[in-house]
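Undergrad: As a plain string of letters, each chain reads:
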Amino acid sequence: MSNILEVKDLSVSYGGIKAVKNISFQVPKGEIVTLIGANGAGKSSTLRSIVGLVKPKTGNIKLNGKEIAGKTPEQIVSQGITLVPEGRRVFADLTVLENLKIGAYMRKDSLEEDINWCYDLFPRLKERNWQLAGTLSGGEQQMLAIARALMSRPDIIMMDEPSLGLAPIVVKGVFDIIREINKQGKTILLVEQNANMALRAAHHGYVMETGTITLSGTGEELASNESVKAAYLGKNKKNNAVR
Amino acid sequence: MEWFSRNLPYLLAGISVGGQYALIAIGYTMVYGILRLINFAHGDIFMVAGLIMIYASTVMPMYISIPLVLVATVVIGFLVERVAYKPLRSAPRMSIMISAIGVSYLLQNLALYITGGLAQQYPAIPWISDTITVLGATTKRVTVITPFLTIILVIALVALIKYTKIGMAMRAASKDFETSQLMGIKINSVISMTFIIGSFLAAVGSLLFFTNYTGVTPTVGAMPGLKAFVAAVFGGIGSIPGAVIGAFIIGICENIIKGMGWTTFSDAFTFALLIVILIAKPTGLFGEKSTDKV
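Taken in order, these protein sequences are the chains called A and B. FYI, the working numbering numbers position 106 of the first sequence as 106, with every residue one higher than the one before it. The working numbering runs 1000 ahead of the 1-based position in the second sequence.
A portion of the hints provided could be inaccurate.
Stated by the list, open to error - Listed below are several chain B residues computed to face chain A (Cβ distance under 10 Å; list not exhaustive): (1) Lys1165; (2) Ser1174; (3) Asp1176; (4) Glu1178; (5) Thr1179; (6) Ser1180; (7) Leu1182; (8) Ile1187.
Said to hold, decoys possible - So these bits of chain A aren't anywhere near chain B, every CB distance computed over 10 Å: (9) Glu67; (10) Asp114; (11) Gly173; (12) Leu215.
Read the hints as simulated data drawn from the structure, not as lab findings. Nothing here was measured: the structure is a model prediction, and the numbers come from that model. Every residue gets a Cβ at the ideal spot worked out from N, C-alpha and C, and that includes glycine.
Let's have the full structure, built from the sequences with the hints guiding it.
TA: In structure tokens, the structure reads:
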């Protein structure tokens, strides 16, 4: 199995404060890999430095074998990687269709096939084709943000907390879509605080704590790991006994 | 009827001046829309366009000097952004604003150095400087052309922003730089494009404006620049239709006031209007409502 993304000894700091400390991980082609951890563990910083929004302090980031660390976001996204940013960040003043089109900004070929594919994945978006994205509900905006990312035909999609601020039923829908996209051949790097859902969806997971990776394993292994359970899944042995 | 024929020249002049303000105001409002910067140098770019016309027309025929003015002004606007604003992209907004004021004085003083401070005679552009009669009022042809040309350019610009790819990128970038970059949009090219459009329209505005006036001095850009800025604020800064409507209102009111014999107060009116707007409706006629929904 070949790795689509390889991160080696990555460090990120903001004016002396180290957010990410020498982490290394790989994302194999065709898999869902998740980074879980608490607030401030450095998950978002990791994604932001991979895509070039933050310049990494040290480390190598290889996408399909090519070094991308230190390049600008435009250069990096043109190599076949994209990020669904935290908080969705759809363009509120653009219509749903325009949001999809702008997702394919770098492409020059016909978009019709991809737009139809996105509308198949997200029928709600098709209904709201001409609506301004700002008028959509949170869940619909998250769908739009994912669809927009798909429009650039990336080899790998990174998602930063896609479940943030959404109702449980909608969260389930988002994870169903993540699995579906993966089934259709896209590699996914997922950052989540909702460890339970993320580990169930992922083939492989990494646990981040204060800027370092403390554990790694398959999704099932981590989900059944006692320390992970205690810290992220809310299953404390003592409490369980009481319940 | 007599009142009408007496005031018609002022109304015509007002519409014409309004169109010229509109062309300048678009530059302010577009730059503000994308960078949240009041480009204080914009009025001086307008003045520089006037000077280029004067020097170009002495050595070459009109059909070369007019395109040259447009191109040279665009190049200057582009360079100002690259040299004075781009390096400050991540600096606090106050720094870039002070840089803009610096560019404004730089251009004024360069013009002072080159012209020696004397008013330079603006050339008469054939055809548009001709005198014509409209409904009994005698005026220059430029007065009649200006509003139409302005509206054509504004429609073209709005279509560009609404229907083209670069226009979509401009709208996206004006809301969210970071996410736009994730889409592969080159933010710097989008910003340059904004300055290019703004400078081009200012150059067209200067061709029309100075045809009605005899001379160009180094500080001549300040007053029209300031009024165009007021127009942009009046219409709601960041909004192109707002800037255009604001500019026409200011141009017409100003000249009607002149027609009533209160020429001395015409400038004061513009700025009084600014104060009233800022108190009554700080976001202007079509200003964006600030929605901070997460």
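Undergrad: Please flag the earlier hints that this structure goes against, numbers listed from lowest up.
TA: Failing hints: none at all.
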